[in-house]
Amino acid sequence: MGKTKTDLTWQELEVGAAIITPGNAVEYKSGDWRSIRPVVDKNKCIKCGTCYIFCPDAAIYETAEGFFEADLYYCKGCGICAQECPTQAIEMVEEEE
Amino acid sequence: MGKRIGLEVSLSAAEAVKMANVDCIAAYPITPQTHIVEHLSELVNDGELDAEFIPVESEHSAMSVSAGASAVGARAFTCTSSQGLALMNEIVHIVASMRLPVVMILANRSMSGPISIWNDHTDVMSIRDCGWIQVFANSGQEVFDHVLFGYRVAESRDVMLPLIINIDGFILTHVIEPIEFWEKEQVEQYLPDFKPIHRLHPDKPVTMGAVGLPSIFSEAKVAQDEPLIQSKSTIISAWKELGDIVGRYYSPIETYRSDDAETLFITQGSYGETVSLAVDELRDDGISVGLIMDRLWRPFPFDEFRKATGRAKNLIVIDRAISYGGQGGPLAIDLRSVLYKEKNQPDIVNFICGLAGRDVNIQDFKNMYHKAMHKVKEHPREEDFEYYGVRGK
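Respectively, the protein sequence lines represent chains X and P. Everything in the first sequence is counted per our numbering, starting at 1 for the first residue and increasing by one. Everything in the second sequence is counted per our numbering, starting at 1001 for the first residue and increasing by one.
A few of these clues could be false.
Claimed, not checked - Mimicking DSBU-like on lysine-lysine, the simulated pairs with C-alpha atoms at most 35 angstroms apart in a straight line are:
#: 1; chain 1: P; residue 1: K1341; chain 2: P; residue 2: K1371
#: 2; chain 1: P; residue 1: K1377; chain 2: P; residue 2: K1341
#: 3; chain 1: X; residue 1: K76; chain 2: X; residue 2: K44
#: 4; chain 1: P; residue 1: K1307; chain 2: P; residue 2: K1232
#: 5; chain 1: P; residue 1: K1221; chain 2: X; residue 2: K76
#: 6; chain 1: P; residue 1: K1204; chain 2: P; residue 2: K1003
#: 7; chain 1: P; residue 1: K1204; chain 2: X; residue 2: K76
#: 8; chain 1: X; residue 1: K29; chain 2: P; residue 2: K1204
#: 9; chain 1: P; residue 1: K1184; chain 2: P; residue 2: K1204
#: 10; chain 1: P; residue 1: K1195; chain 2: P; residue 2: K1240
#: 11; chain 1: P; residue 1: K1307; chain 2: P; residue 2: K1341
#: 12; chain 1: X; residue 1: K29; chain 2: P; residue 2: K1221
Simulated from the structure, these hints should not be mistaken for laboratory data. Just so we're clear, the structure is a prediction, and the values are computed from it rather than from any experiment.
Isolated chain P (complex conformation) (with noise of 0.2 angstroms):
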């Protein structure tokens, strides 16, 4: 078993991101990811990480040098928040239709405006389509497996796709937790060298990123879908040798007191541990309520979702992005696709809430589950979603 110490997420993702070792890191930095970064260039300014740091000009140029880095053979990180992601977005989609298997951890951020430097998911909603594999996170721990995790299936032969590792801003980025590190031989059991496919070299010319004319753009699109929907295979395969390496074994949605129960929150990233502490109060009180926590948001785990809410009668689902004029927060819009063709379809409420960082505790979740419980006897079926805790609302 490896070392376990007190650290702070960021510093220890950072470490994890030294292990897998990386050739080439490039990044812009931007509050929360910023601790990330700036203990990467540490590493290799001190000679622990044999790679080439490129502090880059901008998030466009950190995306499109690991990019390059990628489709020459080299393994490349970069890490961004919010704005940063949007400037580097052009460049998000292309490394994905190229297949160039980049990892990048997203220390979630609220999309500005109004300015905002705190946490939510609105950063990564934005390119929820985007073509990378994502999942989520919900403590330090996951954070340093999930990078060791992150290279091994974005560069197994049969995925050769991007990922990214959504770590909730300030509320993970700048906590310390116990991590327990890998020993140097689980990690070289774990994670084989990187064998690209294709790479740009001058004894074997390819041209990747060509133009795609509209008689082969949309076989070439899904060329790069079919893998994405395929990599759950691999993803969960890659799952369980990583437990039975660290012992810690994860799945594409975890569940917590759901066996029986009659209402079920959902939620994606760090909110599960807070929710599960309002499940056991609930329970306390003779209600029969439990929690199913996403981890693997694409490609999304319907088959997982349809069996774990199989016998719900009502589901609470906690969104913490917007789609703006649409039905609700991005997690519920996909859930309820996921159960339309069920025969027992369960009272779907969704709750948008913790924007912008602001606090959501025990009680909150425990008061949205009676607002919830509310909805579905008085009014079921009126209203959609609803922005929790707004003032005026």
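Here chain X stands alone, though its shape is the one from the complex (with noise of 0.2 angstroms):
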């Protein structure tokens, strides 16, 4: 179930809330799981790309400069990279809203 729908009455359901348009999942914010996020040392991180593999949801991403950084329309904020950064340059905040 996309993002887009979540308004749909229940006569506009396909027979049997079948999904009829592959890869839909890409619209759901699972983001909004999150209650703390992961943000990245840039002092401290190698560019090793560790986070981006262990990534349960490849929420994570490399930036023009070679750092990786989480989409968080995705991030379930997890810790799974914080846990797995072998530099530690990784740090779990607390989403303050």
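Please dock the two separately framed chains into a single complex, following the hints provided.
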């Protein structure tokens, strides 16, 4: 169920609530689940990409400078990146709002 | 007219499944369903039926395979009883929500415990609210006809829901009856090929059975219940067309000597024929009594029941299942709801009987009539139901 699908009436659903537009999971904002957020200390980051490999939601992307950042639209704040970072460059901080 | 032969009801049911030209049979043997799937495995093995017969390791897999087969566009059949139904329970609900038109014969048997292999309706009532269309057959011929009817209704474009045919274990499954087979041309005329609305295919990917978040779940449930409610018109027209082709006309409820009756028996399944004989004997004694047999269980035929019971003073509802801690059996509970808003409500006396295949004969039903009349006169509305024939009660 994508983010644009939440206002459908029951008559507008496909038979059996099937999803007929492949790949629309990308629309779903799993970032809503997050209570803590990864913050990267670029002084400690060695651009190894370990966080990128371990992220279970493929929410981490490589920036133009070669650093790795979490896309907060998808990041659920699980903290695996911070746990796996070999230089402890990632800190999980509380979401304030 | 098709040939009429004497055959065990289970074997004739399997022959009907063959005539429906199913693509996939996934089943696990359990008494009293066994003869149906055994015969189907023979038909597939002997090359008489071109279908996949998948001898699964459990009923949970039987229903899972049937779901998968139906989802890719195959006509799927399965069959079980009692504990087998309990084991497939999870997927029974999923198949309805995914709107997959699987047809299942349920050879009705008690839910254990105590352990029982014999017949009553406690198995189907445990999944009353599973979202399948549910019918009860009263004879072997009805079983045969309703296999073809089942696919016709389930696969209708505006229905697309799974369907259960309830047949009483042993009482129906293991008796030999004269069965009139359909001609091949009649089947072709009545039952078109299965054309799914959505199917799993690499050329046009779809997702079936996805998560439904709170924001969409209620809409998905209404989108499931509405077509079940509305399916009654398709069911009635499919019965009409069946009658026009083979000459046997069915309806949501069937009445017997009921028009002027002060008291009406109400039954489900094979007890109807026994009660009809009790009605004849009571009529011979000058007693105004009739019978309504419920064939369609879900969607429940509210209007038909209101109309048929409108002039009766008393209803004797025969239930073969228990709603533990509730107000009697499931059929009586629904009938009370149907009649709640009526001005002239009849007295409803509910008997729970025939559990685990205990014999209930003509004399028993006559006894129930007299017990009911006594109760209505002496203790109206005192108790909601009675276990009939239980020692110590």
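Now the hints, each set against the structure:
{"no.": "1", "hint": "P:K1341 to P:K1371", "result": "holds, 27 angstroms"}
{"no.": "2", "hint": "P:K1377 to P:K1341", "result": "holds, 23 angstroms"}
{"no.": "3", "hint": "X:K76 to X:K44", "result": "holds, 23 angstroms"}
{"no.": "4", "hint": "P:K1307 to P:K1232", "result": "holds, 16 angstroms"}
{"no.": "5", "hint": "P:K1221 to X:K76", "result": "holds, 29 angstroms"}
{"no.": "6", "hint": "P:K1204 to P:K1003", "result": "violated, 44 angstroms"}
{"no.": "7", "hint": "P:K1204 to X:K76", "result": "holds, 31 angstroms"}
{"no.": "8", "hint": "X:K29 to P:K1204", "result": "holds, 25 angstroms"}
{"no.": "9", "hint": "P:K1184 to P:K1204", "result": "holds, 34 angstroms"}
{"no.": "10", "hint": "P:K1195 to P:K1240", "result": "holds, 22 angstroms"}
{"no.": "11", "hint": "P:K1307 to P:K1341", "result": "holds, 13 angstroms"}
{"no.": "12", "hint": "X:K29 to P:K1221", "result": "holds, 24 angstroms"}
Consistency note: the structure conflicts with earlier hint 6 alone.
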